[in-house]
Structure formats: C-alpha cells, structure tokens
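Enquirer: Line by line, the protein sequences give chains A and B.
Each residue of the first sequence is one higher than the one before, counting from 480 in the working numbering.
Each residue of the second sequence is one higher than the one before, counting from 58 in the working numbering.
Hint data in this document are derived by calculation from the structure and do not stem from the laboratory.
Any given hint could be a false lead.
Unchecked claim - Just the calculated beta-carbon pair ranges, DEER-fashion: (1) A:ASP628 / B:ARG490: 48 to 58 Å; (2) B:ALA471 / A:ASP680: 33 to 43 Å; (3) A:ASP680 / B:TYR478: 40 to 50 Å; (4) A:LYS556 / B:ALA471: 53 to 63 Å; (5) A:ARG673 / B:ARG80: 15 to 25 Å; (6) A:PHE709 / B:ARG490: 18 to 28 Å; (7) B:ARG490 / A:LYS715: 43 to 53 Å; (8) A:GLY561 / B:ARG80: 28 to 38 Å; (9) B:ALA471 / A:ASN666: 38 to 48 Å.
Said to hold, decoys possible - Listed next, the stretches of chain B that the computed footprint assigns to chain A, with coverage defined by at least 3 CB atoms under 8 Å from CB atoms of chain A: (10) 60 to 69; (11) 192 to 199; (12) 393 to 405; (13) 478 to 490.
Stated by the list, open to error - List of simulated lysine-lysine pairs, BS3-like, C-alpha gap at most 27 Å: (14) A:LYS614 / B:LYS68; (15) B:LYS72 / A:LYS556; (16) A:LYS614 / B:LYS410; (17) A:LYS614 / B:LYS411; (18) B:LYS291 / A:LYS614.
Ideal placement from N, C-alpha and C gives every residue a C-beta, glycine not left out.
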Amino acid sequence: MDKLPARNLDFTADGSILVFEKLCKSYQLGAVELKVLREIDLVVKKGDYLAVMGPSGSGKSTLLNLIGCLDRPSNGKYYLGGHDVSTLDDNELSAIRGRHIGFVFQSFNLISQLNVLENIEVPMFYQGMSEHQSKVRARELAEMVGLGDRVHHRPSELSGGQQQRVAIARSLANDPLIILADEPTGNLDSQSGRDILNILDMLYQQGKTLIVITHDEDIAKHSQREIRLFDGRIDKQWYNR
Amino acid sequence: MFLYRTKRTLKLGIKSLWLHRLRSTLTALGIIFGVASVIAMLAIGEGASRDAMAQIARLGSLNIIVKTVQPPEDQHATGQQQSLQEYGLTYDDAERFRNSIPGVQVIVPVRRVAHQAWYRNRKIPVEVIGTVPWHLETSPIRLVMGRFLSNYDMDYKQDICVIDERVMNELFKFDDPRGQFIKIGSDYYSVVGIVSPQPIAVSSEQQKAKDAEASKKQAGANAGNVYIPLTTVKNRFGEMSVKISGQSGANVEKVELQEIIVKVANADLVLPTRDILQTVLERFHKKTDYELTVPLELLEQAKRTQRIFSIVLGSIAAISLLVGGIGIMNIMLATVSERTREIGIRRALGARKKDIIFQFLSETLLLTFAGGILGIFFGCTIPFFVTHFGNMPTVITAMSLLLSFGISGAVGIAFGMYPAYRAANMDPIESLRHE
Ligand SMILES: Nc1ncnc2c1ncn2[C@@H]1O[C@H](COP(=O)(O)OP(=O)(O)OP(=O)(O)O)[C@@H](O)[C@H]1O
Ligand SMILES: [Mg+2]
Chain A
480 MDKLPARNLD
490 FTADGSILVF
500 EKLCKSYQLG
510 AVELKVLREI
520 DLVVKKGDYL
530 AVMGPSGSGK
540 STLLNLIGCL
550 DRPSNGKYYL
560 GGHDVSTLDD
570 NELSAIRGRH
580 IGFVFQSFNL
590 ISQLNVLENI
600 EVPMFYQGMS
610 EHQSKVRARE
620 LAEMVGLGDR
630 VHHRPSELSG
640 GQQQRVAIAR
650 SLANDPLIIL
660 ADEPTGNLDS
670 QSGRDILNIL
680 DMLYQQGKTL
690 IVITHDEDIA
700 KHSQREIRLF
710 DGRIDKQWYN
720 R
Chain B
58 MFLYRTKRTL
68 KLGIKSLWLH
78 RLRSTLTALG
88 IIFGVASVIA
98 MLAIGEGASR
108 DAMAQIARLG
118 SLNIIVKTVQ
128 PPEDQHATGQ
138 QQSLQEYGLT
148 YDDAERFRNS
158 IPGVQVIVPV
168 RRVAHQAWYR
178 NRKIPVEVIG
188 TVPWHLETSP
198 IRLVMGRFLS
208 NYDMDYKQDI
218 CVIDERVMNE
228 LFKFDDPRGQ
238 FIKIGSDYYS
248 VVGIVSPQPI
258 AVSSEQQKAK
268 DAEASKKQAG
278 ANAGNVYIPL
288 TTVKNRFGEM
298 SVKISGQSGA
308 NVEKVELQEI
318 IVKVANADLV
328 LPTRDILQTV
338 LERFHKKTDY
348 ELTVPLELLE
358 QAKRTQRIFS
368 IVLGSIAAIS
378 LLVGGIGIMN
388 IMLATVSERT
398 REIGIRRALG
408 ARKKDIIFQF
418 LSETLLLTFA
428 GGILGIFFGC
438 TIPFFVTHFG
448 NMPTVITAMS
458 LLLSFGISGA
468 VGIAFGMYPA
478 YRAANMDPIE
488 SLRHE
C-alpha cells in the first residue's frame, strides 16, 4: 500500500493543491455528445474555502466528482498535489480518495448497519490503520462534532443534522487535504444547517481546504471564494473575504 | 494488519448475514443438503464396496479355485434305471497342475463328502473335507485350538480329524473335544484341533444365486466342517457316491476331487496361471466338468462396479451441491444490488475493487463454510441411521469429509466470485445515486 503515489501527495511550491487545465467532461448519449463541463480552468490553494454555485444541471456535481477522483475527465489535465490524476489506475484513485479526500453528501450516505463509531472508522480501515488507533481517533472526531454520547447509535436512530455531523467526522478521519461537500445542508432544517455551517467554518479556521456546492446565497457568504457555473463553464468568480 | 483486516471483514460479513437470518439460513440449506448428500452417498457407496471386497478377499485374492461341476449333458441323462457317472477333477489333475505351472506356491486338492458325525448319542450332519496339511494357506479359516493335519497324518492315513467351532458347539456342547472320538460312518476319528468356521463367501451375483440354490438343496444339511487327511478320506469313503434322484432312480457318481485350490506367489501370476490351468484342463477333460473361479478377477470386477456406483451417487450429490451453489449466487446477486449504495459509499471512502470483492466473497464463503460444517454433521448422522435401520454397512472416510468440505469451499468461491466481481466493478457515482 505504501508504494502508492497517494502517500506522497503534497502541495506544489505556490501552495496550490488542485489545478484544472482546460478540463472537459462529456457524456456520450447515443450519437449525441453531451458536454457537461467545458474547458474549466481552476486553481485551489491550501486553506481555500470555495463555494460552487449554479443552476441545476450546470455541472456542479460532475465537477465535484472529478475533483474527488470518482470520475475521470474526458479531456484536459487535472493535477492533484502535483500528480496527474489521469495517469493513475483504479487502485491509486481509491487510495487518493481514501487518504486525501473527505466526502460529505447531501443524503449523508452513512452505512446503515454500522454505528456512529464504526461509520467513522470505515475510511481508516481502508487505509490500514490499526484497530486501536482508529477507535481512539473515531471517538475524538465524534466528540468534536458533538456526538460523544451517541457513538453506539445506528444512523436510523439519529436526526438528519446528527447524521450529517457523523458524515463530516467521517470525512475528517484520515485528515484529508480537501473536504468536498455536495449540498451538505440540502436535506436539513435551518437550525441543523447552521450547525453544519459552523463546523465547516471551524474547519476552515483550522486551515482545511473546503469545496462546498450550494444553492443557498447565505451559505455561500460563509466561504472565502465563490465560483458560479453556468452551462459547464465558470461564469463568474469572486472573493468574499 | 492482514489479520485485523480479515477479522474485520469477517465480522462485517457475519453482521450482514445475521441481519438477514432467514435468508442466510435458507441459502445455506442448499449447501447443507448438498454436502450432507455427498458424504452420505459416498459413505453408503464405500460401505457397500468394502463389504463386497471383504467377501471376495475371503476367497483369497492369490487363489485360483477349480471346482468340479456336473457336466451339463449328464444332468439330462434319463431313462436308465441306474447309471455310473464319472466326472470331475482327479488326483492326476492336481499332479499335472503341480508339474505344469511355474510359480505355483500351494496346491490344495479337496474332497468333500456329506456325512453324519456322532458323539455319544448326539448326531449332526457335517461336511467331511478331505484335505492336505497346508489347507490353511489357501483358506481364511484359522486354527483356534490344538493342531491342524500333519504330513504324518497324511502319509500314514491317520484316523484323526480337525473340527470347526460350529461342529464343536453342536456336538460337544460343554465338553473339551480334544482327544475325544467322533464317529463318522463306521469309523472313529480322534479330534486333534479346532478351527474357526468357514465364512460364507459371496463372490458375484451369479455365484450368489448358485450358492442360494446349493444351500437350499442341503438346507440344514450340514452343521459344519470336519477336516480329515485326504488319504484317509480316500481310503474310508471311496470315490463313489449314490444319489437318489426322483423318478430315474439311483445314480452312482464317481468323483475324485471336488476342488483344487491353487495359490500363486503374487498377484501378477494369477491371470497367466489361470490360463495355463484352463489349457491343461481342456486338454484332459472331454466334458466341461470343472469351473474356474478367480477371486482377483471378481475383486477387480467388483471394484469397477463400485467405481461406477460411486460416480453415479457422487454425481447426483454433486448436482445437488451445484443447485445449492446457484442458490447462493442468486442471493448474493440480490444482496449486491440491494447494497449498491453501500458499495458506492465504500468506494468513495477509499475501498479498492479488491476490498469490495473480499467483502462479498467472504460473506459467500462464510455461508458455504457454515453450510459445509452443518452438512458434514448431517452427512455423518445419515449413514449412522442407514446402518442402524437400513441394515447396510456405511463407511465415512476422511477423504469424503475433505472432499465435501473442499467442494463447498470451491462452490463458495465459484459462485461468490461473480457477484463480488460485479459489486466491485460498479461505477461509484452510479452506485452513490442508487436508491
Ligand atoms: N452519467 C451521466 N450520463 C449522462 N448525462 C449525465 C450523467 N451524469 C450527469 N449527466 C448530465 O450532466 C449534467 C450536469 O449534471 P450535474 O449532476 O453535474 O448537475 P448539478 O449542477 O449537480 O445539478 P443539481 O444542482 O440539480 O444537483 C446534467 O444535465 C445531467 O443530465
Ligand atoms: Mg448536483
């Protein structure tokens, strides 16, 4: 496992983690080629808090899947920590996802037959962390998101906001370079949503790199930098702070 | 590290199997029945085979048995009031065998006479067997007490006898037979030894039918064997025997020897020797008044039959195991599509394809091994009941346990591989979107 390049990922000299060069993604639907992302150029630096906005179908989730190495670009270059992602094989992509990327989904995506602690342990298990170490770390993370007293509960016994907090704890398990969140508050009431945003703010303050998709202007205000997608292109981008 | 991963994966497997207890149990039933039937079938097959082998082995696998039979043309000789029939093996035959066959170890000529034996006021029917001191070398009977016939007895035509345990029990009850005299015909013979009774040898279906006929003919006719030196028998009983047959009246038969048993030094010599004996007999006997039996040949024939028997039984059982395997595959495919989302999550969290394969394969293997172990348990109890209530011998070999365990493992891998492979190759994005 140690021979994977995933272990050696690091920031380039100018502090950029992620570089897109004319990145394209298209789907072949029968004879028609559906271009979802068109020549995206993007640089994300360590400690950035990026909000991705845009109308439905503009390609936000597609972009996030590419960043998270769940998908491969059709064209263009994607450098993550100085490595060309398109040259990596499936095992290496898996390792990068597990080690350097933390996912937070709109629908939480916890594993229903595992309890809170076990859910948080899943990414550590795939990185080969020892049983004891991963237990200790999982408990720490659960406490950090305010669920120290719920560690043995199943997801079905938790509220939506609590489930999303577990998901955030899980995304932090391997201390990743980037945290990717696709509408993390989309399924939550406003109070739970605010809790989640507070946690994200806290992570930003701790120096984590965050990329968050949202439809909500108020949420986007929390970020340091916003980009707006339209029809597969970056329409606008600006800095909030 | 590897151990921890395996432990963790197995724990996870047990957990999700436990979550669907009924489904897992029903699926495992296919394997349980499959494995149980493989073991039970092989045990029954093996039992039957060993039984047959043991019966044939009693005849002696190095022996060639030449028997006197009444030639077919003589059986239909009618019309005459009285006739003299002379047929069968002769002392000359025995001598010829000795001279013409290289590698022959032992030749035992046997003369049998049905007679009655007396001790005090008790009388039982016996078969008097005139034989030679080295008779025991070709026969499964053992000396239990005293001694067998000796060369001295042969040379001087001693009036001594060796009786088997059945005769001893019938005739002497609680007395020590050694040194006592039994009366056969008008002569007294001193008992010098006791041997174990002759086991009833069944050699083949054909032979079985013949034996049944023969034993019907002399139903209750003989209570056991009395062994007397061949020379003494020749002297005392002569070679004539009178048969009263139905309407045609009395038949006088002259038969010198009922049986010649030839024992060779090793198994390779059995068939060539049989051929030589055949040639010798054909040359000197005008009628086919003899029959050659080769236990080794019967043994090989029985082995062939048993092998076919085992293959048939085994295939039936294997088919049921196959059906069980298909059942497992079916359920695993259902499980995989049910857990598509979980697979997507795990992939997003860093699971490699082989981690997913390992997870689902270990679930299948758990199921098949649990089924295999239970199957072995039932497979071992079924033969027990068959032996007890069906009165059939069964033998459970370690081989069959290993085989069925191996097969259930192989079934697990073979039928678990495809669902696991399918799970691993699902597109993570699609799986995450799956509801
Ligand atoms: N596997 C696929 N095959 C074909 N087309 C696809 C596929 N996945 C996504 N698309 C198309 O790509 C486009 C962008 O989808 P995407 O999910 O990125 O939109 P989005 O910006 O996340 O929208 P929303 O805000 O509704 O989540 C859509 O038009 C969609 O139909
Ligand atoms: Mg989306």
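Enquirer: Indicate, hint by hint, whether the structure satisfies it.
Expert: Results for each hint:
A C-beta distance of roughly 33 Å is found between A:ASP628 and B:ARG490, which places it outside the suggested range of 48 to 58 Å. Evaluation of the 33 to 43 Å hint for B:ALA471 and A:ASP680 yields a failure: the beta carbon distance comes to about 53 Å. For the pair A:ASP680 and B:TYR478, the beta carbons lie near 44 Å from each other, so the given range of 40 to 50 Å is met. Our hint of 53 to 63 Å for A:LYS556 and B:ALA471 is violated, since their Cβ atoms are close to 43 Å apart.
For A:ARG673 paired with B:ARG80, a C-beta distance near 43 Å fails the hint of 15 to 25 Å. Take A:PHE709 and B:ARG490: their Cβ atoms lie about 23 Å apart, and the range 18 to 28 Å holds. Here the CB-CB span from B:ARG490 to A:LYS715 is close to 28 Å, at odds with the stated 43 to 53 Å. Between A:GLY561 and B:ARG80 the C-beta distance comes to about 49 Å, which lies outside the given range of 28 to 38 Å.
Between B:ALA471 and A:ASN666 the CB atoms are about 42 Å apart, so this pair conforms to the stated range of 38 to 48 Å. Only residues whose beta carbon comes within less than 8 Å of a beta carbon in chain A count, and the stretch 60 to 69 of chain B has 3; three or more means the coverage holds. Note: the stretch 192 to 199 of chain B has 0 residues with beta-carbon separation from chain A under 8 Å; the three-residue rule is not met and the coverage is violated. Look at the stretch 393 to 405 of chain B against chain A: 7 of its residues bring a Cβ nearer than 8 Å to a Cβ of that chain, three or more, so the hint holds.
Note: the stretch 478 to 490 of chain B has 3 residues with beta-carbon separation from chain A under 8 Å; the three-residue rule is met and the coverage holds. Between the alpha carbons of A:LYS614 and B:LYS68 the distance comes to roughly 16 Å, so the proposed pair stays at or under 27 Å and holds. A threshold of 27 Å between alpha carbons decides the hint, and for B:LYS72 with A:LYS556 the separation of about 43 Å lies outside it, so the pair is violated. Note on A:LYS614 and B:LYS410: the hinted pairing holds, with a Cα-Cα distance of about 25 Å set against a maximum of 27 Å.
As the CA atoms of A:LYS614 and B:LYS411 are separated by approximately 24 Å, the hinted pair is consistent with the 27 Å bound. Proposed proximity of B:LYS291 and A:LYS614 is contradicted: the alpha carbons are some 97 Å apart, above 27 Å.
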